[in-house]
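**Q** Heads up: the protein sequence lines correspond to chains Z and V, in order. Just so we're aligned: the first sequence equals residues 795 to 1014 in my numbering. Just so we're aligned: the second sequence equals residues 795 to 1014 in my numbering.
The hints are simulated quantities; they were obtained by calculation from the structure and are not laboratory data. These figures come from a predicted structure and were not determined experimentally. From the three backbone atoms N, C-alpha and C, an ideal C-beta is built for every residue, glycine too. Among the clues, some could well be false.
[Stated by the list, open to error] Just a sample of chain V residues kept apart from chain Z, beta carbon distances all over 12 Å, derived:
id: 1; residue: Ile863
id: 2; residue: Lys941
id: 3; residue: Met950
id: 4; residue: Thr953
[Stated by the list, open to error] Where chain V lies over chain Z, by a calculated footprint (3+ residues, C-beta under 8 Å):
id: 5; stretch: 798 to 809
id: 6; stretch: 933 to 947
Each chain is listed here by its residues.
Protein chains: 2
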Amino acid sequence: MLHLIIADSELELVPKEITNHPDVVGYAKRRKKRPEQVILDATYHYRALRRIEDGERRGRPDIVHFCLINALESILNKEGKLRVYVHTRNNKVIYIKPETRIPKNYNRFIGLIEDLFEKKAIPKGLKLLQLKEKPLSVLLEEVGADKTFIMHEDGMQLTPPKFGEVLAQYENPAVIVGGFPHGDFKSSLKGEKISIYRASLTAWAVVSEVLVNYERFALF
Amino acid sequence: MLHLIIADSELELVPKEITNHPDVVGYAKRRKKRPEQVILDATYHYRALRRIEDGERRGRPDIVHFCLINALESILNKEGKLRVYVHTRNNKVIYIKPETRIPKNYNRFIGLIEDLFEKKAIPKGLKLLQLKEKPLSVLLEEVGADKTFIMHEDGMQLTPPKFGEVLAQYENPAVIVGGFPHGDFKSSLKGEKISIYRASLTAWAVVSEVLVNYERFALF
């Protein structure tokens, strides 16, 4: 079983400091929500983001969306060999059941995540998605991987196929991929850093490389 | 060079038959466009879609978005070994230069495509995206692949790694992936049908499997 953790994802509700910003107020109003109920989105809140710490990287739910869309529709997941977790900036963790069908439409995905942040588990009975307060370190303990890899530009250089081969040497490896557009992890991390390419890659490109190259050894 | 063709994509402007439908009129008005200027989107136009042929599969620009996001951010594309084409329902073909940065935000992507359908080439000078009237058969002639594969559930069964190996035996292979949610290709196609999994996969999952498994032989 491969444990995929999208870590330090830039997925959060609009932070208190900017709930009064006119762009945020207008956006929430158009969506018939209160400002504190909406997910921060750099596309629409970029002016407000200039006023807060790390504003140049925050508000990227699209990265989480692409990673989930790739991971959950992968052959590895269909074969029951994948678990996916989304860890976010404010130390929340989203647990996602493998059978979850994430909305393909982005605006519906945002609505779903807003619903999750309010209700902590959706849908009520099935609880396909659950949100818990948890730092990355505690999630990692809980996952109990026999080896943890961190996808990182400064890591040991391995080609993606070679990394797939290395991963498959473990029973329950965990792979951490940063869910942010640039910069470094905010959480302190323990694990082996791996770089699969000499230039930066998007989070979802890394997810596809890791899953598909692992499948080769784990499934076929 | 691998030529990836997303074919019979369900990407089109709202068809004439339903430009008067109240859902379409309201949607266009909210977006400050005329109904005939907006891209058909099943999420918002599902009631109108019930009235037209193939309504249960049309209006899926999200599929094209995910395929492009995966293909253009792939290592294969960064290494200059990939060309991507989007062929659509009404025999239009979108040519995409490899250096194109597709908007990650879905709503911006839709705006971009609407702009492309109007102007036929964007941006004006660079022409990163170009839209031409062209059936799939003519595109295939133009691509001039030494072998054409069609990803199809009824095709010859090969594991994804094995298919990567087969692909790499050709100098300029073309791979056709259906850009629709279910059903079969509408265009008549010539090529070898390949199935990489015993169950159906989304178009973007197939794109990732094909590109990553080809990379292994073409790059590393």
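**Q** Against each hint, give a clear statement of whether it holds in the structure.
**A** We went through each hint and held it up to the structure:
The Cβ of isoleucine 863 of chain V sits about 6 Å from the closest Cβ of chain Z, inside the 12 Å cut-off, so the non-interface label is violated. In this structure lysine 941 of chain V is separated from chain Z by more than 12 Å, as the shortest Cβ-Cβ distance comes to about 22 Å. The claim that methionine 950 of chain V lies off the interface holds: its Cβ sits roughly 16 Å from the closest Cβ of chain Z, which is beyond the 12 Å cut-off. Distance check for threonine 953 of chain V against chain Z: the nearest CB is about 4 Å away, which does not clear 12 Å, and the non-interface claim fails.
Here the stretch 798 to 809 of chain Z counts 0 residues with a CB under 8 Å from a CB of chain V, which misses the bar of 3, and the coverage is violated. Beta-carbon proximity to chain V at under 8 Å applies to 0 residues in the stretch 933 to 947 of chain Z; the threshold of 3 is not reached and the given coverage is violated.
Of the numbered hints given earlier, the model fails hints 1, 4, 5 and 6; all others are met.
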